[in-house]
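A.B. asks: Next come the chains, spelled out residue by residue.
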Amino acid sequence: MAKFKLFNEDANKSPLKHLWRHFKSNHSALVGLWVFLLLAILAISAPLIAPYGVNEQNAQALILPPSWDDAGQVEFILGTDGLGRDLLSRLMNGATSTFGLAILAALLTTAIGVVLGVFAGLTRGVKSSVLNHLLDITLAIPSLLLAIVIVAILGPGLMNTVWAIIFALLPQYIHSVRNLVAQELSKDYIVAQRLDGANKWQILKTGILPNIYEHIVVIFTMSLSTAVLDIAALGFLQLGAQAPTAEWGAILAENLSLIYLAPWTVALPGILLFIAILSTNLVGDGLRHALQKRRAS
Amino acid sequence: MLRQYLVRRLTLLFFMVLLLSLFTFTLSYLFPGDVSTNLSGIDSAGFNANDQITEKYKLNENYLLQYFAFIQHIVNGDWGLSLASGQPVFEHVKTLFPATVELALYALLISILIGIPTGVIAAAYHKKWQDHVIYTVTLFAYSTPVFWLALILIMAFCLQLGLLPMSGRISLLFEVEHQTGFLLIDILLSNNTYKQAALIDAFHHLLLPSIVLATYPTAVLVRFTKDAMLDVLDKSYIKSARAKGLNHSQIIFHHALRNALLPVISQIGLQFSTLITLAMITEVIFSWPGIGAWLINSIYQRDFPAIMGGLLTVSLFVIIATMIADILNTILDPVSRNRSHGQV
Chain A
1 MAKFKLFNED
11 ANKSPLKHLW
21 RHFKSNHSAL
31 VGLWVFLLLA
41 ILAISAPLIA
51 PYGVNEQNAQ
61 ALILPPSWDD
71 AGQVEFILGT
81 DGLGRDLLSR
91 LMNGATSTFG
101 LAILAALLTT
111 AIGVVLGVFA
121 GLTRGVKSSV
131 LNHLLDITLA
141 IPSLLLAIVI
151 VAILGPGLMN
161 TVWAIIFALL
171 PQYIHSVRNL
181 VAQELSKDYI
191 VAQRLDGANK
201 WQILKTGILP
211 NIYEHIVVIF
221 TMSLSTAVLD
231 IAALGFLQLG
241 AQAPTAEWGA
251 ILAENLSLIY
261 LAPWTVALPG
271 ILLFIAILST
281 NLVGDGLRHA
291 LQKRRAS
Chain B
298 MLRQYLVRRL
308 TLLFFMVLLL
318 SLFTFTLSYL
328 FPGDVSTNLS
338 GIDSAGFNAN
348 DQITEKYKLN
358 ENYLLQYFAF
368 IQHIVNGDWG
378 LSLASGQPVF
388 EHVKTLFPAT
398 VELALYALLI
408 SILIGIPTGV
418 IAAAYHKKWQ
428 DHVIYTVTLF
438 AYSTPVFWLA
448 LILIMAFCLQ
458 LGLLPMSGRI
468 SLLFEVEHQT
478 GFLLIDILLS
488 NNTYKQAALI
498 DAFHHLLLPS
508 IVLATYPTAV
518 LVRFTKDAML
528 DVLDKSYIKS
538 ARAKGLNHSQ
548 IIFHHALRNA
558 LLPVISQIGL
568 QFSTLITLAM
578 ITEVIFSWPG
588 IGAWLINSIY
598 QRDFPAIMGG
608 LLTVSLFVII
618 ATMIADILNT
628 ILDPVSRNRS
638 HGQV
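Just so you know, the protein sequences line up as chains A and B, in that order.
The first sequence begins at 1 in my numbering and counts up by one.
The second sequence begins at 298 in my numbering and counts up by one.
Bear in mind the hints are in silico, worked out from the structure with no lab data behind them.
Every residue, glycine too, gets a C-beta built ideally from N, C-alpha and C.
Wrong hints could be hidden among the right ones.
From chain A, some residues computed to sit far from chain B (all C-beta separations above 12 Å) [claimed, not checked]:
(1) 17
(2) 71
(3) 104
(4) 110
(5) 128
(6) 211
(7) 235
(8) 245
Covered by chain A, according to a simulated footprint, are these stretches of chain B (three or more residues, beta-carbon under 8 Å) [to be verified]:
(9) 325 to 337
(10) 350 to 362
(11) 443 to 453
(12) 471 to 482
(13) 567 to 574
(14) 608 to 620
Produce the complete structure using the sequences and hints provided.
C.D. replies: This is how it looks when you write it as structure tokens:
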């Protein structure tokens, strides 16, 4: 049963405007977007606006509780850790290492993943079958294990973690993009385009890409939340960011021995991680729902 | 039709295992250090022993023969020695891997038992308050880093309330003979006088890690089940069922549920990869003597034969689990055997 779409309005809004209208009507997604943007700005500007240096030690203020506590001082709003480093500054810089690098990793994955995914989607026969099976095998290796193997080859370190995460995220990404392209390719308007004599590149440029880029953004948010989690997890396991680096997972692992004495040094990085992942997921979910609604309306 | 499909799947399985072994073999060259050390786990051997290793792994021959020698040793159960302990890697894997599988299976069981009914409820009450509550809870569960959740639960239940033990599989008071490697089964098989107490103790140890491990897969399953249900509820045959005058629960249980659960089964198979990833972190935090904690320790100690062995075991497990779920899905759902069937 075909559903006809009639446009009653005089001026048809662009699909992107429709999408934004649906997205806007979802308040939690909008809040998620604001938090996401705030964190992104923080990630860029953290070294400039942080009140203290990342590794600046204040010998007279060790394990200071947050300022709202009776024993806290207002100079150190979120308190200090075992080495007298201001927790607020470290957490702000952690936004750069954890969230900023996760965005970088997700962007790089997108760039590589879209190219390879489109290629995989457009090829037919033996080439595509070989590629798919290669993907299946890499999908079977758990992402953290793959990251660990790559860390074992390259050695631990923050930048190596980023490479490891890109490699670990890629198979899933290529898989999703390939499915999107294959889905789009089987639709009638692409067939019509092909019958009109359009070549592969034209079909890709005018047919497929404009119709899948919004879905790619959704995949991007999904891989971003995985990237944040993985960077933090590797930092926590001391396989990623090494000790003095201000990375949320590493800060958490560093202060683990203080968990009884100074629970806020463990709680705060965890809360920030949670907020970062939550906001990313909210934006992703909001986008997904907005896309569904637009298709239904 | 089904047999043809099974043959294709098994061929695919064969090639995947082939590629996996090739990848593992390549790692012995990619890892820092000597190839002979990475393969055999014998460091700075004497002159004679060195020759023996070269002979054993055919390191002077071409890569293909080296690969075949490697495969031969793997199949024979000779996975080299662990650089850290000097013990055979295969023995380590044999004792450690069941612990991980046990933990993962219980977590998966929890997530299936909670996730699927919750997802069905969320779909049945779509856009009502029940749905919103479930959505919010799953979003939170979905976004919590697993290691942080584990720490919070340890703080609350082990350190503050003192209700549950915080590390290990069983109290050291109990001595359980290693038979299958699955602790609960081992306890039942053993002829210990304190069987019941041991079982309760093991259960206490198991509770917190499996809850932590189950959180993320549960959230994924709830979301997936809900989406699958909503998809099915949108179909025309549901509309006609409603037009016939069936009520809401009849439609959900007799018409929608069976069809919605089919994609969920294959989704459960896909969960294994995530589950193992999370299990590795959970094991480290709860000092669970499984393969994940061992693998991460192997990285700290640059124990390359152990990493290779662990990678091979875990990936093989995930591949076979995914394959079984896939085949199960095919047996239950004839449409998935050939996508062109049953389509309009």
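A.B. asks: It remains to establish, for every hint, whether it holds in the given structure.
C.D. replies: Now the hints, each set against the structure:
A cut-off of 12 Å between C-beta atoms confirms that residue 17(A) is not in contact with chain B; the least separation is 25 Å. With a least beta-carbon separation of about 21 Å from chain B, residue 71(A) lies farther than 12 Å from that chain, consistent with its non-interface assignment. At the 12 Å boundary, the C-beta of residue 104(A) stays outside the reach of chain B, the nearest C-beta of that chain being 20 Å off. The claim that residue 110(A) lies off the interface holds: its Cβ sits roughly 21 Å from the closest Cβ of chain B, which is beyond the 12 Å cut-off.
Against the 12 Å criterion, residue 128(A) stays outside the reach of chain B, whose nearest CB is about 14 Å from its own CB. For residue 211(A), the non-interface assignment is confirmed: its Cβ lies about 21 Å from the closest Cβ of chain B, beyond the 12 Å cut-off. Not every beta carbon of chain B lies more than 12 Å from that of residue 235(A), the smallest distance being close to 10 Å; the non-interface claim is violated. Remark: the non-interface label on residue 245(A) is consistent with the geometry, its nearest Cβ contact in chain B lying 17 Å away (cut-off 12 Å).
Coverage of the segment 325 to 337 of chain B by chain A holds [criterion: at least 3 residues with CB-CB distance below 8 Å; count 3]. Under a criterion of three residues with beta carbons nearer than 8 Å to beta carbons of chain A, the stated coverage of the segment 350 to 362 of chain B fails, only 0 such residues being counted. Counting residues of the segment 443 to 453 of chain B whose CB lies closer than 8 Å to any CB of chain A gives 6, which reaches the minimum of 3, so the coverage claim holds. Here the segment 471 to 482 of chain B counts 0 residues with a CB under 8 Å from a CB of chain A, which misses the bar of 3, and the coverage is violated.
Only residues whose beta carbon comes within less than 8 Å of a beta carbon in chain A count, and the segment 567 to 574 of chain B has 4; three or more means the coverage holds. Three residues within the 8 Å Cβ limit are the bar, and the segment 608 to 620 of chain B against chain A gives 6, so the coverage statement holds.
Going down the numbered hints, you'll see the structure goes against 7, 10 and 12, while the others check out.
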